[in-house]
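**Student:** Each chain is listed here by its residues.
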Amino acid sequence: MGNARQLPGQPYERRSRLKEGVLGLALALLPFAVLVALVVIPAIDSLLFSLGQIPKNNVAFSTGMHLISSPHLTLAVYRNLFASKYFAADLALTLSVTLFSVILVVVVSYGLALYVRFTHDRFSRLVRSLYLVPMFIPIVIASYALITFWGDHGFLNAVFSHLGLAFSTPIFHEAGIVLGQVWQGIPFAVLLLGSGLDNIAEEQIEAARDVGARMFTVFRKIVLPLNLVPLLIVTTFTFIGVMGSFTVPYLIGPNAPQMLSVEMSSHFGDYNQPQPAVAMAIVTFVIAAIAGAAYVWGTSRDERKSR
Amino acid sequence: MSPLWFLKVSALRRVFGVVLVAAMGVFLLMPLLTMALWAFAQTWQYPSLAPTVYSLKWWAWVFQNGDVGHAVFYSFTTAPVVTLLSAVICLPAAYAFSRLRFPGKRFFFVSLLATNAFPKFGLYISIATLFYRLNLMSTFVGVVLIQLINTLVFMTWIPAAGFDGVGRELEEAARDAGAGPMRVFFRITLPIALPSIIVAAVLAFLAAFDEAQGTLVVGLPNIVTMPVLMYRLVSNYPEPVSAVFSILLAIPSIILLLFARRYLIAGYLAAGFTR
Chain A
1 MGNARQLPGQ
11 PYERRSRLKE
21 GVLGLALALL
31 PFAVLVALVV
41 IPAIDSLLFS
51 LGQIPKNNVA
61 FSTGMHLISS
71 PHLTLAVYRN
81 LFASKYFAAD
91 LALTLSVTLF
101 SVILVVVVSY
111 GLALYVRFTH
121 DRFSRLVRSL
131 YLVPMFIPIV
141 IASYALITFW
151 GDHGFLNAVF
161 SHLGLAFSTP
171 IFHEAGIVLG
181 QVWQGIPFAV
191 LLLGSGLDNI
201 AEEQIEAARD
211 VGARMFTVFR
221 KIVLPLNLVP
231 LLIVTTFTFI
241 GVMGSFTVPY
251 LIGPNAPQML
261 SVEMSSHFGD
271 YNQPQPAVAM
281 AIVTFVIAAI
291 AGAAYVWGTS
301 RDERKSR
Chain B
308 MSPLWFLKVS
318 ALRRVFGVVL
328 VAAMGVFLLM
338 PLLTMALWAF
348 AQTWQYPSLA
358 PTVYSLKWWA
368 WVFQNGDVGH
378 AVFYSFTTAP
388 VVTLLSAVIC
398 LPAAYAFSRL
408 RFPGKRFFFV
418 SLLATNAFPK
428 FGLYISIATL
438 FYRLNLMSTF
448 VGVVLIQLIN
458 TLVFMTWIPA
468 AGFDGVGREL
478 EEAARDAGAG
488 PMRVFFRITL
498 PIALPSIIVA
508 AVLAFLAAFD
518 EAQGTLVVGL
528 PNIVTMPVLM
538 YRLVSNYPEP
548 VSAVFSILLA
558 IPSIILLLFA
568 RRYLIAGYLA
578 AGFTR
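So the sequence lines, in the order shown, correspond to chains A and B.
Residue numbers for the first sequence follow the working numbering, so the first one is 1 and each next one is one higher.
Residue numbers for the second sequence follow the working numbering, so the first one is 308 and each next one is one higher.
There may be inaccurate statements among the hints.
[Claimed, not checked] According to the in silico footprint, chain B covers these stretches of chain A (three or more CB under 8 angstroms from chain B): (1) 37-45; (2) 119-130.
[As the list claims (entries may be wrong)] Which chain A residues face chain B? A few, computed with CB under 7 angstroms, are given here: (3) A28; (4) F136; (5) A145; (6) L191; (7) S195; (8) I240; (9) V296.
In case anyone wonders, no lab produced these hints; they're calculated from the structure.
For every residue, glycine included, the Cβ atom is placed at its ideal position computed from N, Cα and C.
Please put together the full structure from these sequences, using the hints given.
**Tutor:** In C-alpha cells form, the structure reads like this:
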C-alpha cells in the first residue's frame with residue numbers, strides 16, 4: 001500500500017500524511033460514534049446494573065423485583081444466577097443448540113459450496129439460486145413457515161401418515177431451533193465458503209490427483225488451507241448469530257428450558273426481573289466475545305501473512 | 308480430477324444433482340409453499356395434503372385491516388430512511404478504511420463487529436431507557452436509530468472491499484489526464500465500487516425491514532412495523548391470516564433477491580467479510 005512518489009521525511013509528505021490521518025479518523029469515527037452511543041454505552045449501563053448499581057433515572061431497571069443493590073460492585077446477581085438450576089438448563093440448551101447449529105451449518109454449507117464450485121451443469125445452477133432463498137425471507141416468516149411444514153399435524157406429518165410412517169415433530173423442541181438456525185444460516189455460509197473456493201485453481205487439484213493424492217488428502221492439504229479464514233468467519237458469525245437469536249427460539253423453541261435470549265425477554269417482561277435478565281445478556285456477550293476474539297485473531301494473522 | 312470425483316461420471320452426477328436439488332427444494336422451499344397454500348385455505352383438515360376448501364376471504368380481511376395498513380406504511384418508511392442514513396454514515400468510513408492511512412484503522416474496522424456480538428435484547432432495554440430520557444420512545448426517529456445498529460457492519464465492510472477493488476493505476480491515469488479528484492471519484496471510483504454498495508444497501512434494507520425485537524421494544528404503541536405485527540398475528544389469529552400477511556411481507560424481499568442475486572454470487576458480500 002506504500003506510496004513511493006514522495007521521498008519520506010519531506011515536510012510536504014509529513015503534512016499530507018497528517019492530513020490523511022485526521023481525515024481518515026474523522027470518517028471512521030462516524031459509524032464508531034453510532035456504535036458507542038447505541039451499543040457500548042447501553043452495554044456498560046447493563047454491566048453496571050448487573051453488578052448491583054441501580055440507576056435512579058431508569059424506571060425499567062429501578063422498579064424491578066428482587067433487585068440486588070450495593071454501594072460497591074458485587075457479583076451477587078451472577079452468584080444467584082449460576083446457583084439456579086433453571087439458568088443452568090437454559091445455558092446448557094443455548095450452548096448445545098449453538099454448537100449443533102454451527103456444526104450443521106458449516107458441514108451442509110461446505111458441501112454445497114464444494115458442489116457449486118466443482119460442477120457446472122443445470123443442477124448446480126439451480127442449487128446456486130436455491131441456497132440464497134433464506135437470506136431474503138424475513139425470519140419471522142421463515143419460522144412460521146417451518147411450523148406449518150414440520151409442526152404437529154403439519155404438511156410433513158400428513159405425508160408421513162399417508163405413507164403409514166411414524167412422525168415426531170421437532171417443532172417446540174430443541175431440534176426445531178437447530179432446524180430454524182440451519183435454514184437461516186445456509187446462504188451466508190455458502191457465499192463465504194464459496195468465495196474462498198473460487199481462489200482454488202482446478203489444475204492445482206488435478207495435479208495433486210494425478211500424482212495419486214486421495215480425495216481426503218486433496219481436501220486437507222489444498223482446499224482447506226486456502227479456505228481457513230472464510231471457515232473461521234462463518235463459524236464465528238454463525239456462533240454469535242445463533243447465541244443471540246430471538247425469533248427462532250421464541251417461535252419454534254420449547255417452553256422450558258429455553259434459549260437465554262428468550263429467557264431474558266420473559267425476565268424483563270413477564271417476571272419483571274430486569275437484573276437477572278441483564279446478567280444473562282452479559283454472560284451471553286462474554287461467550288460471544290470469545291468467538292469474536294477467534295475471528296480477530298484469525299483475520300489479523302492472515303493479514304500479516306499476506307503483506 | 309476434482310475432489311468430488313464421482314461428479315465426473317455423467318450418470319452419477321445427474322443422479323446426485325437430482326437428489327441434491329430435490330433435498331434442497333424440500334428443505335428450503337416446501338415450508339414456504341406450505342405456508343403459501345395456507346394463505347388460500349378456508350379449511351385445511353389434517354391429514355389432507357392440500358386445503359379442503361379454498362377461499363380468498365382472509366386476503367380481504369388483511370387488506371381491510373387498519374393495523375396492517377399502518378404496519379405497511381411504517382415498514383416502507385423506516386427501512387429506506389435507515390438504509391439512506393446508514394449509507395451517509397458508513398460509506399465515507401468505508402472509503403477511509405480502504406484508501407486512507409490513519410491510526411487505529413484495524414481497531415475501528417473490527418470494532419463494528421460488536422454490533423453483532425451483544426445479545427440484542429439486553430441492549431434494546433438499555434437503549435430504551437436512554438430513549439426515555441431523550442423522548443425518543445415510540446417515535447419514528449427512535450425506531451430508525453434502533454434499526455440502524457444492524458446495518459453498520461454491512462454498510463461499512465462490504466463497500467470497503469469494493470473500494471479496495473478499484474485499481475489505483477486507473478485513478479492515477481485519470482488524474483494524469485487532467486481530471487480533478489471529484490471527477491475521478493464520481494467517474495472512476497464510484498462506478499467500479501457500485502456493485503458492493505448495492506449489495507450493502509440491499510442487505511441493510513433487509514436488516515432494517517426484518518428487525519422486530521428492537522422495534523417492538525422502542526416503537527410500541529405508535530410505531531408498529533410489519534414484522535412486529537407478525538408476532539401478534541402468529542399468536543392471536545387463525546393460520547391463514549399469518550400466511551397472507553407473510554406473503555405480503557416477503558414480496559419486497561423477493562424483488563430484492565432477484566435484483567441482487569448476481570452480485571451476491573459474484574462474491575461482493577464475502578469480500579467484505581474476509582477483507
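**Student:** Against this structure, judge whether each hint is valid.
**Tutor:** Hints versus structure:
Counting residues of the stretch 37-45 of chain A whose C-beta lies closer than 8 angstroms to any C-beta of chain B gives 7; at least three are required, and the coverage claim holds. With 10 residues having a beta carbon nearer than 8 angstroms to a beta carbon of chain B, the stretch 119-130 of chain A meets the requirement of three or more and the stated coverage holds. The interface hint given for A28/A holds, since its Cβ lies 4 angstroms from the closest Cβ of chain B, which is under the 7 angstroms cut-off. Hint status for F136/A relative to chain B: holds, with the closest Cβ pair at about 4 angstroms, below 7 angstroms.
Taken as an interface hint, A145/A checks out: its beta carbon lies about 4 angstroms from the nearest beta carbon of chain B, inside 7 angstroms. Hint status for L191/A: holds, given a least beta-carbon distance of 5 angstroms to chain B, under 7 angstroms. Proximity of S195/A to chain B holds as hinted, the smallest CB-CB distance being about 3 angstroms (cut-off 7 angstroms). Look at I240/A: its Cβ gets to within about 5 angstroms of chain B, closer than 7 angstroms, so that hint holds up.
With a cut of 7 angstroms, the hint placing V296/A at the interface with chain B holds, because the nearest CB-to-CB distance is about 6 angstroms.
Checked against the numbered hints listed earlier, the structure breaks none of them; every hint is satisfied.
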